[in-house]
Amino acid sequence: MNIARLRRLAWATAASTILLGSQGSADETGGVRFAAPERILAGDAFLGEERLYPSPVLYDMDGDKLPDVVVGDLFGRVTVAHRSAAKSPVAFGAEKPLHDRDGKPLRFHNW
Amino acid sequence: MGSQFVDFNADGHLDYLTATFDGSPHISYGSTEGFGEPERLKDAQGQRILISSIWNYETGKHENLGRSMPDGKPCRERCISALAFDWEGDGDYDLLLGSYENGHLYRQMNDGTNAEPRFSGRNIPVLAGDAPFALPAKMTAPRLVDWDGDGDLDLIAGSFGSCWGPTGTGGGVYLSRNLGKKGQPVFGALETLIAPQPKGGTEPIRPDAGLYVDAVDYDGDGDLDLVVGGYSMWTPEARPLTEEEQATVARLQKERQAVQKQQADVMAKVNAEAAKSAEGLERTSKEYRQKRSEAYAKYRKQISAIQKESQRLASQIGELVPAPQRKSFVWLYERL
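So the protein lines, in turn, are chains A and B. For the first sequence, this note's numbering assigns the number 1 to the initial residue and increments by one for each residue that follows. For the second sequence, this note's numbering assigns the number 1 to the initial residue and increments by one for each residue that follows.
One or more of the hints may lead you astray.
Quick list of in silico lysine-lysine cross-link-like pairs, BS3-like style, CA-CA up to 27 Å [claimed, not checked]:
| id | chain 1 | residue 1 | chain 2 | residue 2 |
| --- | --- | --- | --- | --- |
| 1 | B | Lys42 | A | Lys104 |
| 2 | B | Lys286 | B | Lys269 |
| 3 | B | Lys261 | B | Lys301 |
| 4 | A | Lys96 | B | Lys327 |
| 5 | B | Lys254 | B | Lys301 |
| 6 | B | Lys73 | B | Lys61 |
Derived list of chain A stretches under chain B, where covered just means 3 residues or more per stretch with a C-beta under 8 Å from a C-beta of chain B [what the hints assert, rightly or not]:
| id | stretch |
| --- | --- |
| 7 | 36-42 |
| 8 | 45-58 |
| 9 | 62-71 |
| 10 | 85-99 |
| 11 | 105-111 |
To be clear, the hints were calculated from the coordinates, so they are not data collected in a lab. Cβ atoms here follow ideal geometry from the backbone N, Cα and C, with glycine treated the same way.
Next comes chain B alone, as it looks inside the complex (with noise of 0.2 Å):
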């Protein structure tokens, strides 16, 4: 959910534009009592403004649209991020549309102005040097900030790379400088800020996976810093254990094994319950996800109760074998 404050429909308030992974973006109008809904953007024709992959809120489905592309064609990309950018230098905000999947970029144009917009509902791709922007191991956000101190606006992004498990290389952010002039942008080849990295570690040393980036003075020296959202990921290191604790241990794991196999019956039945009673109906449809919560509910005790033992004895076994671990938190990279 990268984010931008910024005045966008130039009322002397400021509001809040982001994108969600509904595959639209967002934006809360401020006031002066504060900020409002949120609603979806829309363009000129008064469809939701996309890349092309959504969630249809209506049918409860995803659906993968074409409408928005150069070619028409659905490209199965999820706009997750939005930033306004006055792309011409006319005065009035143009969108830019960052793809979760291939990390591509996107500008809509808006045809209007700032108080009345009518943003194209067309994407254009956005270059990086001679090549379509493309950030590696998935976008998480660009961001837009003067990097060089050139005066004109750089784009900084996150990738996320390796999202589960301790090990696999995590993500990283990278650059785009702006070499052109204002109405004629024309953004870089993209270049390493933070390299990505080997998870694996003994500790929390660095955000791995899901890096959202944004720049900033954080202490006042005069240049731009890094603060980075994401999750770190690593296992403590493991003592010695003594020979009553590893028979502990073994028992501990064989407990929670014949936990995780009840686990596996009742949720083998609700399926079968479910199944039976969403019979005809699609899998993706709201009416077969009600049909399924239906029939967990009838569980949903027994489920609880299963999860409650299997997490205790995780815990239990966590105290004497180091479990893997995943924690979001957000750094500070401090410009030296």
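Just chain A, with the same shape it has in the complex (with noise of 0.2 Å):
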């Protein structure tokens, strides 16, 4: 094991606590640090609303090398937000269904 991975590990066993989401905050221990939370848009709608516990994950479902939202839920069902191509501010389209090979909206299995 090399020095800087020695570092880390000492440093990832020190650090229990990294972060205090809502507040902004930082913790102690000067983890890693986020901004106050703010909803996602797609389109002009908030992004996993009306969902039943939205599940997002990014991809690049169009290959334009930007990642696209793809959002599950508790259905089964699953929507796309493309990215749009503008650098800043980030930006996505409205969802729509994920199509399966057949046209129709993709939709997995669930009691």
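Two chains, two frames, some hints: make the complex.
And the structure:
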């Protein structure tokens, strides 16, 4: 194990709590900090609104080298919101169903 | 429904791996034409891959099975998340299975190849430090990401927390660093990335419950941000009411109570008729549910009218006395 990795291991062992999210404040160990969370828009609506436990995953679905947002839910329904080409600010188009090869909305089985 | 885009069968096309609350991992294989019909993953014995608790579509019942657990005993843990991960570094994807109830993580090894997988059907607990990986307050789904930039994949995962009601503590997001090496991952003790917070605010300020997380460089500044789906729960601040408005609220609440009693009375009739027509049938069976559906159908129009009236009254009350809100969103935690 090299020295750099040993240092990372020592830091990781010492830092048991890294972050306080909604207050946007840093922890005392000098770990990772996040800004106060903000809701993501997809078109004119909030992303994931009216979904049963929205579960996002970011992946470049259209091959433009920009991550799009795919959102699944408890019903097994899947939508995709494509990232707009503009580099800043980050913006997504409206959510649309992700379709299967037969043109039907992709739907995973759930009881 | 944690999701992973991965070329699972190594055919050059992106596949979509996930798990649902039926208790098994599912996959939609990609092709030049797009994604195919989702199917459940099977082990080398041709059986559904699971942890223990599943929904059996054939029998129409929940079942608790021990065949995949290390001691062969059922443990009432349901797989609701799945990831493809080459645990041994031998070039084929093994499976990580996440449980809802205890927030545990299990690995199931692939004794075949990506093109012809042979999953063992045996779950091996994943450790976080010296203890079993166990997210507090129920796990939504884990993710594999090189969080610390050391070239190997770490685990981040969200938890459910208290999912109902305006009080209680919500869920969080946790990290378990991979401290091992390729082919020998060793995951460290859980560290908190987003701490759970008490619910009870007057506006949506964060995801409170059911935190599903992904890590990505959202803004292209070279570090990993977090994108988190979940429910926010808050109660808007009430304004002072005039005496007339207070009287209106009292009247509307009384009317709503009367409507709710009507609803309870109708449902009691539905339950009584269903119980009579389903006598002798197991309550968890498909046939029992069919009888219940038939009984409900007789009163559907009446129930619908009552529900509409209840919602109308709730809406009018809500204009004067804000009701607790519970709405789903997806949030960005931008790394500073």
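Hint consistency between lysine 261 (chain B) and lysine 301 (chain B) [alpha-carbon to alpha-carbon, up to 27 Å]
Roughly 17 Å separates the two Cα atoms, so the pair holds.
If you draw a straight line from the CA of lysine 286 (chain B) to the CA of lysine 269 (chain B), is it 27 Å or shorter?
21 Å, holds
When you check the alpha-carbon spacing of lysine 96 (chain A) and lysine 327 (chain B), does it fall within 27 Å?
Satisfied, since the Cα-Cα distance of roughly 19 Å is no more than 27 Å.
Against chain B, does the stretch 62-71 of chain A show at least 3 residues with beta-carbon separation below 8 Å?
holds (count 4)
When you check the alpha-carbon spacing of lysine 42 (chain B) and lysine 104 (chain A), does it fall within 27 Å?
25 Å, holds
Hint consistency between lysine 73 (chain B) and lysine 61 (chain B) [alpha-carbon to alpha-carbon, up to 27 Å]
19 Å, holds
Whether chain B covers the stretch 105-111 of chain A (at least 3 residues having a Cβ closer than 8 Å to its Cβ atoms):
Answer holds; 6 residues pass the 8 Å Cβ test.
Against chain B, does the stretch 36-42 of chain A show at least 3 residues with beta-carbon separation below 8 Å?
holds (count 5)
Regarding the pair lysine 254 (chain B) and lysine 301 (chain B), is the alpha-carbon distance no greater than 27 Å?
24 Å, holds
Annotated coverage of the stretch 45-58 of chain A by chain B, confirmed only when three residues or more have a Cβ within 8 Å
Holds, because 13 residues of the stretch 45-58 of chain A bring their Cβ atoms closer than 8 Å to Cβ atoms of chain B.
Verdict on chain B covering the stretch 85-99 of chain A, criterion of 3 CB contacts below 8 Å
Answer holds; 5 residues pass the 8 Å Cβ test.
Violated hints: none; the structure is consistent with every hint.
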